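The task is simple: from the sequences and hints, build the whole structure.
Chains as they are written, first to last, in the numbering used here: chain A, 16 to 149; chain B, 16 to 149; chain C, 16 to 149; chain D, 16 to 149; chain E, 16 to 149; chain F, 16 to 149.
A few of these clues could be false.
Said to hold, decoys possible - Cut-off 27 Å, straight-line C-alpha distance, at most; resulting in silico cross-link-like pairs (BS3-like, lysine-lysine): (1) F:K93 - D:K75; (2) E:K75 - A:K75; (3) E:K93 - E:K75; (4) D:K75 - D:K93; (5) B:K75 - B:K93; (6) B:K75 - C:K75; (7) A:K75 - A:K93; (8) F:K75 - F:K93; (9) C:K75 - C:K93.
Worth flagging that the hints you see were computed from the coordinates, not collected in a lab. Bear in mind the structure is a predicted one, so any value in this text is a computation, not a measurement.
There are 6 protein chains.
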Amino acid sequence: MYSVTVRDHVMIAHSFTGEVFGPAQRLHGATFVVDVEFRRRALDADGIVVDIGRAAETLKAVLAPLNFRNLDDEPAFKGHNTTTEFLARVVFDGMAGAIRRGDLGAGAQAIESLRVTLHESHIASAGFEGPLAE
Amino acid sequence: MYSVTVRDHVMIAHSFTGEVFGPAQRLHGATFVVDVEFRRRALDADGIVVDIGRAAETLKAVLAPLNFRNLDDEPAFKGHNTTTEFLARVVFDGMAGAIRRGDLGAGAQAIESLRVTLHESHIASAGFEGPLAE
Amino acid sequence: MYSVTVRDHVMIAHSFTGEVFGPAQRLHGATFVVDVEFRRRALDADGIVVDIGRAAETLKAVLAPLNFRNLDDEPAFKGHNTTTEFLARVVFDGMAGAIRRGDLGAGAQAIESLRVTLHESHIASAGFEGPLAE
Amino acid sequence: MYSVTVRDHVMIAHSFTGEVFGPAQRLHGATFVVDVEFRRRALDADGIVVDIGRAAETLKAVLAPLNFRNLDDEPAFKGHNTTTEFLARVVFDGMAGAIRRGDLGAGAQAIESLRVTLHESHIASAGFEGPLAE
Amino acid sequence: MYSVTVRDHVMIAHSFTGEVFGPAQRLHGATFVVDVEFRRRALDADGIVVDIGRAAETLKAVLAPLNFRNLDDEPAFKGHNTTTEFLARVVFDGMAGAIRRGDLGAGAQAIESLRVTLHESHIASAGFEGPLAE
Amino acid sequence: MYSVTVRDHVMIAHSFTGEVFGPAQRLHGATFVVDVEFRRRALDADGIVVDIGRAAETLKAVLAPLNFRNLDDEPAFKGHNTTTEFLARVVFDGMAGAIRRGDLGAGAQAIESLRVTLHESHIASAGFEGPLAE
Chain A
16 MYSVTVRDHV MIAHSFTGEV FGPAQRLHGA TFVVDVEFRR RALDADGIVV
66 DIGRAAETLK AVLAPLNFRN LDDEPAFKGH NTTTEFLARV VFDGMAGAIR
116 RGDLGAGAQA IESLRVTLHE SHIASAGFEG PLAE
Chain B
16 MYSVTVRDHV MIAHSFTGEV FGPAQRLHGA TFVVDVEFRR RALDADGIVV
66 DIGRAAETLK AVLAPLNFRN LDDEPAFKGH NTTTEFLARV VFDGMAGAIR
116 RGDLGAGAQA IESLRVTLHE SHIASAGFEG PLAE
Chain C
16 MYSVTVRDHV MIAHSFTGEV FGPAQRLHGA TFVVDVEFRR RALDADGIVV
66 DIGRAAETLK AVLAPLNFRN LDDEPAFKGH NTTTEFLARV VFDGMAGAIR
116 RGDLGAGAQA IESLRVTLHE SHIASAGFEG PLAE
Chain D
16 MYSVTVRDHV MIAHSFTGEV FGPAQRLHGA TFVVDVEFRR RALDADGIVV
66 DIGRAAETLK AVLAPLNFRN LDDEPAFKGH NTTTEFLARV VFDGMAGAIR
116 RGDLGAGAQA IESLRVTLHE SHIASAGFEG PLAE
Chain E
16 MYSVTVRDHV MIAHSFTGEV FGPAQRLHGA TFVVDVEFRR RALDADGIVV
66 DIGRAAETLK AVLAPLNFRN LDDEPAFKGH NTTTEFLARV VFDGMAGAIR
116 RGDLGAGAQA IESLRVTLHE SHIASAGFEG PLAE
Chain F
16 MYSVTVRDHV MIAHSFTGEV FGPAQRLHGA TFVVDVEFRR RALDADGIVV
66 DIGRAAETLK AVLAPLNFRN LDDEPAFKGH NTTTEFLARV VFDGMAGAIR
116 RGDLGAGAQA IESLRVTLHE SHIASAGFEG PLAE
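This is how it looks when you write it as structure tokens:
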């Protein structure tokens, strides 16, 4: 299995609901350094997994609605704790949708799975991975 | 599959038995920077894989019997080379036992697998991963 | 010149005032991974720059009033943009005050200067460094 | 599953053919920081996945024909774009061949799979992973 | 002294002249991950060392003439070995010139010194630092 | 001021004397990832700060007497706590001596100062820096 990984980041504010979160129930924030790994069985005719330039642009576009935002104010996340693992899934769904819509080119349809990792500090990260097929 | 990873470290002394180890047959030591990845299919009602505070405390508790020790003197390791890969399994077993005992809360019973990685330098690491079910 | 550096982190929300900040004028947040370097000319009788355990505890105590907070609500920062470089100075002043008060022990009075670095992402950081003498 | 990972690097020149590569169609170069992960179900009698010294030497030997070269001039790569993901496969094949030839010792025949990762910058990497059996 | 550091990278080909370079006399290449640290005594009215967005854009502009190039073909470097330390100076001069021309804004004239670091692998880097005044 | 930095590592056992060290009074160990920065005002005729190959070999030679050792048994360290900062000075003195003896070549006599950093974990490091002149 071949893979390519690209990295970007977002800076967000949010708060959590639930005693388990302790002081993180207060409004605070995070930098998430985001890695997206694209996986496929065979390279395309150019010898690549994905056009890395388009992959990076698409990741930036997927992250844009989160960046420099207070996620508590985003209607899409109402009723959800925007934990690191929850946001990993949001990024996964955004990237998967972009691939299906063809934003990464026709060749990218051969991508079989994605692994998204959000690093929230030097000692903690979270991720979501899965196949692209519905 | 969702995941959360936490990091801590230990500083130990030990020596190895066997010609394959060369100068590492002498008493020496290592810092192991330890990553534990928790994996599960679905998030719990709070939107998390695991209570990250309890995960970090549990990791510290699992590492405590190793930390600032000469592992050659530990009865539990008698007859074993405490290689990085061997210790990755020790940490895995310690974390798995803690999850089964409920140290990470009732919700953590849904954790399906763990991946433990010990970084011994900037150029070498070792790990053990597997399912939690017996 | 000898040095010792310890690392911790904080997760905060804030917003900035001024056109130069573009989208960062909105309420957002950041993880700051914080390094504090202690410098002195000679080691103490134990062969150390500073008691690393007390240094880490003191850093945690200095960061606590910031952690899991919306800095826009903190009276101490009223009228200031809590930029990464501004916060590096806040941490510097907090650590310098702790050293002068003796929180790091009598031996720590020999520390001559500090360098504080806040990493806000994989591509940006800011710092403040200077002597400890008034 | 146990694993051990070793790291080395190469510095190469190359160019790519195909519009998708944009400015990378010009002759340029890269440092690839290379991680090879060895995986097996059980440790050997010494308590290891692989002799880490031989693993590191073998990786250096596999990388040697690439290092300080213009890959455009290498007959073996004629007609191929030597992309990061393509080179990950080259390193995988080189390591797999070395294991089969016994370069890592008889015990290394129990290695089941490899994961090769080439880091080309702080924001991009590529890899190839798979089983060792033909 | 306050500081802000931004990071970017370039991918180049080159060769060196001189026996000291051994195999690096052949055409090869490198990824340079480039850090530029801006230093000044006091923050500006906005509470910053430099507009970080403009700093990043300026760094990209300074690196552009190097990126995806064979430096052996660049007239500006004729008769020079484009070593990592030599290129650190090239980036320093480019950034210093941009600051003097006002590319980073009027406030950036207060920047007193720069430190440029080029990371060429996980085990080697080079840099150039100095004051901005002529 | 130009600089070049090279990295290597050692794995040692030791114990400390003094209540300030708490559990580190027991025999334990550490991996030290060692960076040595060489600084000089002008590049030599080849355009370098130092022959990076010889610098790496010299660092390996300086570290060899420490590597895979119990430092408590080394006569040279009798009566000293081999703390990270103390060892940074040991490496500094070793490198400075090698430069003065000419191990890095005649050109290396122009090196003005060194900065040695030992990373003992992901959250702590220590260093020693100073001029080379007696």
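Structure-based check of each hint:
1. F:K93 - D:K75: violated, 39 Å
2. E:K75 - A:K75: Answer holds: K75 (chain E) to K75 (chain A) is near 17 Å, not above 27 Å.
3. E:K93 - E:K75: holds, 23 Å
4. D:K75 - D:K93: holds, 23 Å
5. B:K75 - B:K93: holds, 23 Å
6. B:K75 - C:K75: holds, 17 Å
7. A:K75 - A:K93: holds, 23 Å
8. F:K75 - F:K93: holds, 23 Å
9. C:K75 - C:K93: holds, 23 Å
Hint 1 alone, counting from the list given before, is not met by this structure.
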